[in-house]
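**Q** Line by line, the protein sequences give chains C and L.
For the first sequence, the working numbering assigns the number 1 to the initial residue and increments by one for each residue that follows.
For the second sequence, the working numbering assigns the number 1 to the initial residue and increments by one for each residue that follows.
In case anyone wonders, no lab produced these hints; they're calculated from the structure.
Values in this document were obtained by computation on a predicted structure and should not be read as measured data.
Treat the hints with caution; some may be incorrect.
[Unchecked claim] To give an idea of the chain L side of the interface with chain C (calculated C-beta under 10 Å), a few residues:
{"hint": "1", "residue": "THR27"}
{"hint": "2", "residue": "ALA49"}
{"hint": "3", "residue": "ALA50"}
{"hint": "4", "residue": "LEU56"}
{"hint": "5", "residue": "ASP71"}
{"hint": "6", "residue": "VAL74"}
{"hint": "7", "residue": "ASP78"}
{"hint": "8", "residue": "ALA79"}
{"hint": "9", "residue": "GLU169"}
{"hint": "10", "residue": "ARG171"}
{"hint": "11", "residue": "LEU172"}
Note that the Cβ used here is the ideal one computed from N, Cα and C, for glycine as well.
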Amino acid sequence: MNLPLSRHPSFSRLRAFALGEANEAQRRRVARHLERCVRCRETISRVREIVAAARELETPPAGALERILERRGRGERGVLPVAPAGGTTSVRRLPRIAAILVLGAGALVYTFARTGELEALRSELRVTPAAPRLGEADPRSASMVANMLANFPAQRSLTAEYLRADIDWLSAALERAEEIGSSNDDQPHGPERGLTQTAAEYAGTLRLALGWRLTVHGTTLLALGDTAAALDTLSFAFDIGWDPQRFRTIGELYLARGDTAAAAAAFARVVVDPTTSEAADSLRARLGAAGAGPAWKALLAEARLVMKEHVWNGAVDRAPLLPRLRLEDADGRARVVELRQGTPMLVAFRSRYCPGSFTQLDEMARVAARLEAEGVPVIAVSPEEPATLREFMDAKGYRFPVFSDPQRDAAAAFDTPGFPAYFVLDGTGRIRFAHNDIGRVIREVAALREQAREQAL
Amino acid sequence: MEADARMRETPTQTPERATVRDADDATLIAAVRSGPTQALAELYARHAAAVFTAALRLLGSREDAEDVLQDVFVGSPDALARYEERGAFGAWIRRVAVRASLMALRRRRSKRHEPLAAAGDIAASPPEPERAIAALPDPLRVVFVLREVEGYSHAEIAELLGSTRTASELRLHRAWKLVRRSV
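Isolated chain C (complex conformation) (with noise of 0.2 Å):
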C-alpha cells in the first residue's frame, strides 16, 4: 500500500522523544520535524501533560495513618511481596552521563548482534543483506522483512524486533486514516482513492487493510511462540474491524489458556455473525456453563450490536453513476441489468487475472450460491471477452451469473479502484457498501434486509 503517512513520525517516536527517550540520531530527526509539523509538536506537549499528570504524586487518604498504627498496635503484621533490593534500572533515573554510556554501549552491542543477525542471515537464508536494513529505511518493507524471517525459527527476535516496527507504523497508519474518515475535505489523499469515493470511504478502506495486516501479524506472533503478543495484538485488531475468523482464533487461544469467560466473549461474536453461525452448537459445548443461561444471552445480545455497528460503520451512500448496466454475458449475448432490483443486490468486480481477486473466487462462489438461495440478485463483472470466461467458468464450475465488460463501461459507472471490488446495493439501486471483502457482504445484505423490514414496520 502506498499510503501518504511515512512523513510523520509515528507515534512511538514522538512519544520516547517528548519524554527523553530517544537516541541521537532520532532525536535530532524529530526535532528537525518539529519545527515544520504544528499537530507533531502538539502530540508531544500532549505526552509531556498526561506524563506529568499521572506521575504527580497524590494525597493519601486522611486518617490511614492513625488506621495503620491501630492495624499494627493489634499485633497484625503484613506479608509484603518481596521487591529485589537495589536501585530502578529505569534509564530516566540514572544521571544524564550514566544515561549515554548505557546508551552507547547499548548501540554497540546492538549493531554487533545486527551484524552477527546479518552474517547468519547470509550463510542461512541466501538473503541479500541489505533486506533487513530495507525495513529501517522504509516502514512499509518491514512487514515483508518479518514474514519472511518468520520461516528460521533463529531469527526470532528479529522477526519480532520487525513485526513491532511494523506494528508501530500500523497504528500510526490507523490514527491517520481516522483523522483522513473525519475530515470533511473532497481532496484526495493517495493514489488508490476513487475519483467519486468519499474521505470516509477511503478511511474505510484503509482500516480494512491495514486491520488484516494487524491479524496476519498476530497470527504470525502466534506461530512464533509469543502468546501474550499474538493475543495482543490480534485484541488490538479486534477495535479495527469486524472478522469472525479472527474472533475464533481469539476465543480458541482464550480457552487454550483456561480462560472461558474470555472465550465465550468471543465466540459469541462468531455465533451471532450469519457467515459463520453454523459453528454455535460446537462452540457452545466447548464452553460449558459459560455457553448457556443469561450470561451468554447478554454476551450474544452486545455481540449482535457490536456487529452492527461495524456493519453500518463501513456503509456509504451514493448512487452509481448509470441506473443500468449493459453487459454481455458470458455467451456472448447482450444483456441489459437494472440496479434498482426493488431488494438488495451484489455487483461484483472481479478478475482471475488479479491474485486478491482470485483467491476469493470461491469463497465469491459460495456466497453467491447462498444470496440466489435468499432470493438476493448477484451479477459478477469482469473485464474478460466473454468465449474465455465461460470457458474458465465452465473449467471451475462456478455457477454465477457473470458478465463481460471488456470497455470497462460498468466499472467506470461504478468508480472502481481495481480488482475485486463488490459493491452492495439497496433495494432502490443505490450504493450502500463498497470494498474488496467478500467476507463483509453476507453480513451487509443481512443488515440492509434488517434495515428494510424495521422502515416497512
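Given chain C, put chain L in place with the hints provided.
**A** Frame of chain C; chain L shown alone:
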C-alpha cells in the same frame, strides 16, 4: 529522591515526629526495625504519597489504593528485615507498593472478569489524564503506569507480569491510543 523533597512540604505533622524528623532514611529504618511507632509515622510521612500514588495509578481506585497503602506500611517493619540498603529506600518501597498493587489486582480480577478487548469508549466528556488512565482496562493500565509513572523497562514489566516484551510494548501503545483519544 524527588518524592522525599516534595513530601517534606506536606504539613501533616504529629508532635512525636519532631524528634525523628531530622533523621535520614537509614537511621529511621533502624528505628522502625526496633519498633517505635513515631519512626514508622515519619517513614509514612516521607513515602506514603509515593506509595499511595503508585497504587492509585495501578488500581484506578482510591479505596483499593488505600488498602495497598495500609498493607505496605503495616507490613513494612517486617519487610524491612529483607531490605538490604542497596539503592534508595524510596525506590525500594515503591517497588514493594507496585508488587502489592499487582497482587491486589489479581485478587480483584479473580472476582470479576475483564476481557482484554473491553477497552471501548471511556467517557462521553473529555476527562482529566488521571481519569483517562484509571478508565483503561487493567492489562493496559498496568503497563502504562509501570512504564510511564514508575519507569520500569519493558523487559522488567514482562518479567513482573509473566508476559513478553512485545506484549508490553503493544499494550503501552494501545493504552496511549485510548488515553489520547479520551483526553
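**Q** The structure should be examined with respect to each hint, and the outcome stated for every one.
**A** Now the hints, each set against the structure:
1. THR27: violated, 18 Å
2. ALA49: holds, 4 Å
3. ALA50: holds, 6 Å
4. LEU56: holds, 6 Å
5. ASP71: holds, 5 Å
6. VAL74: At 4 Å from the nearest chain C Cβ, VAL74(L) passes the 10 Å test, so the hint holds.
7. ASP78: For ASP78(L), the interface hint holds, since the closest Cβ of chain C sits about 5 Å away, which is under 10 Å.
8. ALA79: holds, 4 Å
9. GLU169: Hint holds; GLU169(L) Cβ to chain C Cβ min 6 Å, cut 10 Å.
10. ARG171: holds, 6 Å
11. LEU172: Nearest chain C Cβ about 9 Å off; hint holds.
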